[in-house]
Amino acid sequence: MHHMFENLLWLPQPSQDFAQQVTDAINGSDLKELAKFSLDESQLRRLYKKKLLLKTKKDDLLPLTDMTIGLISNATTNLVVPALVGSALRFGISLQVVEAEFNQIAQEAFSPDSSFLKQNFSTILVAIDYRGFPLKPCPGNKELARQNVQDCLAYVASVIEALRAKTGAQIILQNIALPVETLSGSYEGRLSGSLTWLISELNGKLDTLISDDTILLDISGLASNIGLTDWHDPTIWNMAKLPFSPRYLPIYSEYICRILAARLGKSRRCLILDLDNTLWGGVIGDDGIEGILIGNGDPTAEAYLHIQQTALNLRERGIVLAISSKNEESTALLPFKNHPDMLLREEHFAAFQANWSDKASNIRAISEMLSLGLESIVFLDDNPAERMQVRLELPEVAVPELPDDPALYVRTLIAAGYFEAITYSQEDSKRASFYQENIKRTRILSESSNLDEYLKSLDMEITFSEFDVTGRARIAQLISKSNQFNLTTKRYNEKDVKELEENPLFYTNQIRLKDTFGDNGMISVVICKKNLDTWEIDTWLMSCRVLSRKVELAVLQNILMEAKNQGVSKLIGVYSPTARNVIVKHHYEKLGFVKVSGESVIETWELNIANYVHQNIPMKLNNVI
-3 MHHMFENLLW
7 LPQPSQDFAQ
17 QVTDAINGSD
27 LKELAKFSLD
37 ESQLRRLYKK
47 KLLLKTKKDD
57 LLPLTDMTIG
67 LISNATTNLV
77 VPALVGSALR
87 FGISLQVVEA
97 EFNQIAQEAF
107 SPDSSFLKQN
117 FSTILVAIDY
127 RGFPLKPCPG
137 NKELARQNVQ
147 DCLAYVASVI
157 EALRAKTGAQ
167 IILQNIALPV
177 ETLSGSYEGR
187 LSGSLTWLIS
197 ELNGKLDTLI
207 SDDTILLDIS
217 GLASNIGLTD
227 WHDPTIWNMA
237 KLPFSPRYLP
247 IYSEYICRIL
257 AARLGKSRRC
267 LILDLDNTLW
277 GGVIGDDGIE
287 GILIGNGDPT
297 AEAYLHIQQT
307 ALNLRERGIV
317 LAISSKNEES
327 TALLPFKNHP
337 DMLLREEHFA
347 AFQANWSDKA
357 SNIRAISEML
367 SLGLESIVFL
377 DDNPAERMQV
387 RLELPEVAVP
397 ELPDDPALYV
407 RTLIAAGYFE
417 AITYSQEDSK
427 RASFYQENIK
437 RTRILSESSN
447 LDEYLKSLDM
457 EITFSEFDVT
467 GRARIAQLIS
477 KSNQFNLTTK
487 RYNEKDVKEL
497 EENPLFYTNQ
507 IRLKDTFGDN
517 GMISVVICKK
527 NLDTWEIDTW
537 LMSCRVLSRK
547 VELAVLQNIL
557 MEAKNQGVSK
567 LIGVYSPTAR
577 NVIVKHHYEK
587 LGFVKVSGES
597 VIETWELNIA
607 NYVHQNIPMK
617 LNNVI
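According to the working numbering, the sequence shown is numbered sequentially starting from -3.
Some hints here could point you the wrong way.
For each label pair, taking beta carbons as the anchor points, the in silico distance ranges come out as [claimed, not checked]:
1) Glu29 x Ala236: 26 to 36 Å
2) Ser182 x Pro391: 21 to 31 Å
3) Ala102 x Pro391: 25 to 35 Å
4) His582 x Pro391: 21 to 31 Å
5) Met384 x Ala236: 50 to 60 Å
6) Pro391 x Leu447: 32 to 42 Å
7) Ile579 x Leu447: 31 to 41 Å
8) Phe106 x Lys45: 53 to 63 Å
9) Pro133 x His(-1): 29 to 39 Å
10) His582 x Ala102: 53 to 63 Å
11) Lys45 x Ala236: 47 to 57 Å
Under the rule of at most 25 Å between Cα atoms (straight-line distance), these lysine-lysine pairs were calculated in the PhoX-like manner [as the list claims (entries may be wrong)]:
12) Lys201 x Lys138
13) Lys237 x Lys45
14) Lys32 x Lys477
Just so you know, the hints here were simulated from the structure itself, not pulled from any lab data.
Think of the CB as a built atom: it goes at the ideal place given N, C-alpha and C, for glycine as much as any other residue.
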């Protein structure tokens, strides 16, 4: 199924007048919408040129997020850049790529005159094809072969370290696609010192270089999915020194952009599923529970079983599941309650919307119910008309195109890469449960007539602690993903978080919350820059799952207590508005801060610590710092 990757078949096809639409585009929003289609290399290049034109004319590229990356390779990269920049638009990124000269890896990494020195990179992609490593086949000589692998590993490690020291950028390290030709046939992979053996061993060792500062780009896996014979084009290599067929420039660029987007917290976190002909074959309202297809023994029924198993696997990885179906709720629930072959059950879903409203309205309701932005959602539906309606009404929601054969639904969903991860914490595995527990809290609140009594009934317990190695991955993840309750939307990776841990000029706080329904995990992160008599809130973010529970008040009072102990008289907060953090526009005002400047877009607020009157908080406080 290599054409799935070549043509990005999960994306809808562009319109016939795509070229004219690009010509007519006037801003970043237009470019982002045009990039959402299945585009070939030529169409991506057209978008790239239009983006350059708009930037040259200083036209507004909002709401795109600016990002500058470096690209260093032993291969030609000037063919990659247009596809990369065009693909980045799909993820809402205005990308600038600074290329190293062709095959100048060592020179750029180690030279004191490196062109990368003066650049402000967030990321550098190190893309070395197998031809760029000092690989020396020595069939049968295991000792020499192992030394060769170690030499190659030491080389790439030194390149990474030198680039990081020069720029401070995070590194994306590309692993190696195996060559097609095997001189010893099936024995090639077992023959110590053969080229295949050397590359396979080196790929395994490259994993040891992955850290807070280095992310792996799995091109070996991509090439295997496509097929090595299709991936490698020796004629193109000889002519243009491009290490793969240009047909795969769109998917190669897509793979890179998924990682860049994940660094910005743009990976999806919720999968909303249709029911009829999506989770089972047939229509439950017409065919009844005995007539739907699900289970073993029938190829079509087994395809739907595979979909359900994949949804369960995603849930275990932390993806929140929900249902949006045009059905009577009681009828829609029957298979979940009574069908013996169903893998998914009612308790696996954080939200269940089965009614006769349109799908877009139901998805909006689920988004609000879960306090998850629409840009966090993927919607899976077999019906092309429903998919089109959701795309038109809710362009932020990812809606994959699905083939006619349900056996290919899972392959299409996973190939789309919506749930790209660059880190994983234990709290990720619990995220689905967090959201389901939050629905229970919301239900109790809606039935309560007294907010204070409701909060007291939750029996909340909040814990404060400084940044540490145990929480580091989750802290960085929250900082990268939180957009709605994030006052400055600054981004820090794990390396940055580690430096903040060790810097005495910063106050750091990771906040966790438990209540009667369970453990909410880490729900807030605070970073304050310490000045002589003032502290400036550099970062304050919270999970929207805990809004309206006075957690922000508890966090503020904890900051004030520590600041006062250190002789600080004033706390300064900054609100930098974005399209997604409107919910915190009045955050500082509600907490008693006074606005001192706001003529520009960015607002500055101050709180006199001596004048602040502490309030009662409906929760137990632990490890107050």
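Each hint tested on the structure:
A beta carbon spacing of about 32 Å between Glu29 and Ala236 agrees with the range 26 to 36 Å that was offered as a hint. Against the hinted window of 21 to 31 Å, the Cβ-Cβ separation of Ser182 and Pro391 comes to about 49 Å, which falls outside the hint. One distance hint, 25 to 35 Å for the beta-carbon pair Ala102 and Pro391, is violated here, with the actual separation near 45 Å. Separated by about 28 Å at the C-beta atoms, His582 and Pro391 satisfy the suggested range of 21 to 31 Å.
For the pair Met384 and Ala236, the beta carbons lie near 39 Å from each other, so the given range of 50 to 60 Å is not met. For the hinted restraint 32 to 42 Å between Pro391 and Leu447, the CB-CB distance of approximately 35 Å keeps it satisfied. For Ile579 paired with Leu447, a C-beta distance near 18 Å fails the hint of 31 to 41 Å. For Phe106 and Lys45, the Cβ-Cβ distance of about 35 Å falls outside the hinted range of 53 to 63 Å, so the restraint is violated.
For the hinted restraint 29 to 39 Å between Pro133 and His(-1), the CB-CB distance of approximately 34 Å keeps it satisfied. Remark: the range hint 53 to 63 Å for His582 to Ala102 is upheld by a beta-carbon distance near 54 Å. The hinted window of 47 to 57 Å between Lys45 and Ala236 is violated, with their beta carbons roughly 20 Å apart. About 16 Å separates the Cα atoms of Lys201 and Lys138, which keeps this hinted pair within 25 Å; it holds.
Distance check on the hinted pair: Lys237 and Lys45 sit about 23 Å apart at the alpha-carbon level, within 25 Å; holds. Of the pairs offered as hints, the one joining Lys32 and Lys477 holds, with about 21 Å between alpha carbons and a cut-off of 25 Å not exceeded.
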